[in-house]
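Trainee: Chains as they are written, first to last, in our numbering: chain X, 1 to 266; chain U, 1 to 266; chain Z, 1 to 266.
Think of the hints as simulated: they come from the structure by calculation, not from any bench.
Just so you know, not all the hints are guaranteed correct.
No copy labels: a pair is met if it fits in one copy or bridges any two.
Here are the computed lysine to aspartate or glutamate pairs in the DMTMM-like style, where the Cα-Cα straight-line distance is at most 25 angstroms [unchecked claim]:
| id | residue 1 | residue 2 |
| --- | --- | --- |
| 1 | K16 | E143 |
| 2 | K3 | D212 |
| 3 | K113 | E50 |
| 4 | K16 | E83 |
| 5 | K16 | E53 |
| 6 | K16 | E265 |
| 7 | K211 | E50 |
| 8 | K16 | E259 |
| 9 | K16 | D141 |
| 10 | K113 | E83 |
| 11 | K3 | E229 |
| 12 | K113 | E15 |
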Amino acid sequence: MDKGTCAEALRSVREKRPLVHHITNYVTVNDCANATLCIGGSPVMADAPEEVEQMVSLAGALVLNIGTLNVQQIGSMIIAGREANRRGIPIIMDPVGAGATAMRTEAACRLLKELHVSVLKGNGGEIGVLAGTGGIVRGVDSEGMSGDPASIVKELAGSMKIIVAMSGARDLVSDGRRTFAIDNGDSMMGRISGTGCMATSVVGAFSAAHKDPLEAVVGAFVAFGIAGERAALKANGPGTFKPALFDAMAALTPEGVLEHARLSEV
Amino acid sequence: MDKGTCAEALRSVREKRPLVHHITNYVTVNDCANATLCIGGSPVMADAPEEVEQMVSLAGALVLNIGTLNVQQIGSMIIAGREANRRGIPIIMDPVGAGATAMRTEAACRLLKELHVSVLKGNGGEIGVLAGTGGIVRGVDSEGMSGDPASIVKELAGSMKIIVAMSGARDLVSDGRRTFAIDNGDSMMGRISGTGCMATSVVGAFSAAHKDPLEAVVGAFVAFGIAGERAALKANGPGTFKPALFDAMAALTPEGVLEHARLSEV
Amino acid sequence: MDKGTCAEALRSVREKRPLVHHITNYVTVNDCANATLCIGGSPVMADAPEEVEQMVSLAGALVLNIGTLNVQQIGSMIIAGREANRRGIPIIMDPVGAGATAMRTEAACRLLKELHVSVLKGNGGEIGVLAGTGGIVRGVDSEGMSGDPASIVKELAGSMKIIVAMSGARDLVSDGRRTFAIDNGDSMMGRISGTGCMATSVVGAFSAAHKDPLEAVVGAFVAFGIAGERAALKANGPGTFKPALFDAMAALTPEGVLEHARLSEV
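Let's have the full structure, built from the sequences with the hints guiding it.
Mentor: This is the structure:
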């Protein structure tokens with residue numbers, strides 16, 4: 001797992017243009033659609049219980065994001081998730097706001113229990129809450145976690161036998177055996193709504209296109225982080241940062257990934 | 001039907017500022033609102049079954065877009081659509097993703113059967129599916145159709161006695177007797193989410209403001225396509241293309257339409 | 001209440017970074033999230049009846065916006081609003097489209113009756129309808145009101161014992177005793193979807209952070225209006241205006257407020 005693998009993973013996304021089925025929140029859904037498109041995938045959003053089984057069967061990955069969940073939507077996530085599991089389609093779950101309300105924590109736990117989730121991707125607070133090691137979630141923002149992040153991510157991944165990805169100034173990704181830190185990104189990414197959700201969509205596209213699950217997630221964080229760095233150079237503030245971020249995602253090349261990736265095993 | 005008619009139709013939209021009632025998806029709804037505003041109309045989004053009948057009665061056109069449909073929303077579309085038909089308010093229907101799932105195909109067919117739809121506007125895959133001539137839909141994107149597009153559009157329009165509008169690199173619009181091709185537009189329009197939905201909203205505004213239904217739809221495609229061309233000159237990528245597209249729609253004049261329209265009868 | 005108070009109120013928002021819980025429409029929800037972030041607050045959107053009580057208990061203010069209301073959402077607004085009232089958390093209500101349909105007018109009246117709303121913030125048409133003095137609402141846009149706006153705002157505030165804030169070319173804010181006019185802003189703000197909703201979110205952030213309720217609302221309108229003026233200088237049209245508006249909100253300082261505020265008691 002090195003820079004070259006990350007570049008290769010982006011190349012796969014661009015070549016395969018994988019369909020990424022999202023069941024997600026109505027706040028950042030447009031950003032998720034454009035993030036998926038700009039990185040090279042094809043987004044589809046569908047959450048009616050009557051059609052999610054059929055829709056996910058066409059997809060290369062399923063993104064479940066509980067940012068504005070409701071009871072019916074959880075039901076649709078279970079239906080879509082079971083079909084994804086039957087077909088071996090990777091599920092990426094973003095437990096937005098887990099820890100803020102019992103409903104969110106319970107929904108996240110239920111999805112993790114009833115489905116075989118491939119990648120659990122959250123911020124420090126959410127991962128801390130789900131690891132049971134302590135996390136502080138304020139609305140949908142992380143206010144930090146207790147303990148050493150790398151150890152918590154690794155142990156949670158090992159005990160759940162999934163990939164755990166924690167976004168932050170330093171992103172951490174582990175499959176329980178190996179753990180990688182990604183230092184790409186820019187503080188501007190925390191100043192707009194939706195970058196966390198967008199990162200999850202990018203993970204979806206990479207997971208659909210690249211065979212090795214751990215490499216796919218690391219590659220996605222690297223690519224999204226580099227795009228954030230470049231966009232920050234063009235932006236006059238958080239408002240102009242978002243269009244610049246989409247431009248940078250679309251302009252990113254495997255060569256750019258190779259040159260700018262900052263990842264290390266920890 | 002010539003360039004002058006298209007310019008005249010835009011002038012009508014700007015003068016009348018028609019209210020366009022949307023029952024639409026939650027992915028691109030904000031883009032639809034801004035597209036309607038920028039071209040010169042006034043958007044309103046409302047989908048509660050308790051209020052759609054009253055809301056549509058105030059409107060100049062009703063846009064039905066099934067991009068993230070659910071059972072309740074289909075019910076609201078039927079209620080609003082019946083009231084629109086009673087009042088002679090044109091209905092523009094965008095069968096987003098028809099062909100991808102049975103629910104979408106059936107909902108599109110039900111709306112076409114139970115309502116008098118004025119304009120059916122879709123991509124090649126969706127139109128091919130609804131025409132029964134074969135169409136490939138991948139999520140919500142068209143992967144093409146079988147047969148000659150112009151013939152299929154014309155025959156479907158003739159047999160259903162509605163206007164059929166097919167978006168693509170070359171847009172095709174027919175009322176079953178005459179068929180027009182519009183060659184305005186830019187490939188950048190396919191690189192962001194929402195341009196298909198935005199085009200449908202623009203068709204709604206033109207259909208509300210301009211008397212002749214076929215001219216209204218052709219004028220809408222020409223205007224939106226020219227705006228896309230101009231925006232592409234300003235954009236650094238898909239992210240900056242979207243704000244530039246809204247700017248270009250707002251800046252478009254009847255004179256600009258007259259100068260840049262590329263339409264032909266086929 | 002002078003320019004200095006407005007500057008102070010912005011300083012409080014930036015220092016406290018208050019959580020603003022929104023139950024709002026799906027059209028402009030992303031704009032509301034980014035407006036809240038850019039002015040210095042922290043947004044959270046949640047509307048499931050099972051979690052709104054717990055979510056609002058974490059928040060500094062509750063924004064209720066009926067832009068795309070439905071029956072379940074009204075129920076969630078009542079649940080969240082009662083908990084906000086129990087805890088003394090200010091409620092800001094935006095009766096989007098009240099007067100356009102009976103459902104919207106009735107929902108706005110029900111919320112005003114069953115909850116102790118701190119701030120009622122609407123456009124001229126909506127306020128006129130709720131004041132019973134006459135207002136014309138076209139979809140979700142105001143087409144004007146009957147009578148003298150300042151008197152109507154003051155009297156409605158006095159009779160309901162709440163703060164009434166009316167947005168327009170000249171914003172008016174009253175608690176029934178004192179009434180302030182704010183002349184900041186730019187006509188460009190009326191050319192995109194969502195500025196009314198964004199203003200309400202900014203009022204939410206200020207109401208959460210600044211002790212005096214009337215000063216908070218006036219300060220919010222001043223800050224948002226100044227940001228609009230600055231953004232208009234950078235924009236090429238309504239499309240580029242929106243990113244520029246977010247940039248300007250994020251860049252706004254208490255010093256900038258002090259220098260550019262235009263408010264007067266009327």
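Trainee: Would you mind marking each hint as holding or not holding in the structure?
Mentor: Results of checking the hints against the structure:
Proximity of K16 to E143 under the C-alpha cut-off of 25 angstroms is restricted to the inter-copy arrangement: shortest distance 14 angstroms between copies versus 37 angstroms within a copy. Taking CA atoms no more than 25 angstroms apart as the test, K3 paired with D212 passes inside one copy only; the shortest distance there is 14 angstroms, against 55 angstroms between copies. In the homo-oligomer, the alpha carbons of K113 and E50 lie at most 25 angstroms apart both inside one protomer (23 angstroms) and across protomers (21 angstroms), since each shortest distance falls under that limit. Taking the shortest alpha-carbon separations for K16 and E83, only the intra-copy value of 22 angstroms comes in at or below 25 angstroms, while the best inter-copy value is 45 angstroms.
Taking the shortest Cα distances, K16 and E53 sit within 25 angstroms of each other inside one copy (22 angstroms), while across copies they are farther apart (44 angstroms). In the homo-oligomer, the alpha carbons of K16 and E265 never lie at most 25 angstroms apart, since the shortest distance is 28 angstroms inside one protomer and 37 angstroms across protomers. Neither within a single protomer nor between protomers do K211 and E50 lie at most 25 angstroms apart by alpha-carbon distance, with minima of 30 angstroms and 39 angstroms respectively. Within a single copy, K16 and E259 get their C-alpha atoms as close as 23 angstroms, which meets the 25 angstroms cut-off; across copies the closest is 40 angstroms, which misses it.
In this assembly of identical chains, K16 and D141 lie within 25 angstroms of each other by CA distance solely across copies; the values are 15 angstroms between and 33 angstroms within a copy. Taking CA atoms no more than 25 angstroms apart as the test, K113 paired with E83 passes inside one copy only; the shortest distance there is 15 angstroms, against 32 angstroms between copies. Taking CA atoms no more than 25 angstroms apart as the test, K3 paired with E229 passes inside one copy only; the shortest distance there is 17 angstroms, against 38 angstroms between copies. In this assembly of identical chains, the alpha carbons of K113 and E15 never lie at most 25 angstroms apart, being 34 angstroms within a copy and 40 angstroms across copies at closest.
The structure shown violates the earlier hints numbered 6, 7 and 12.
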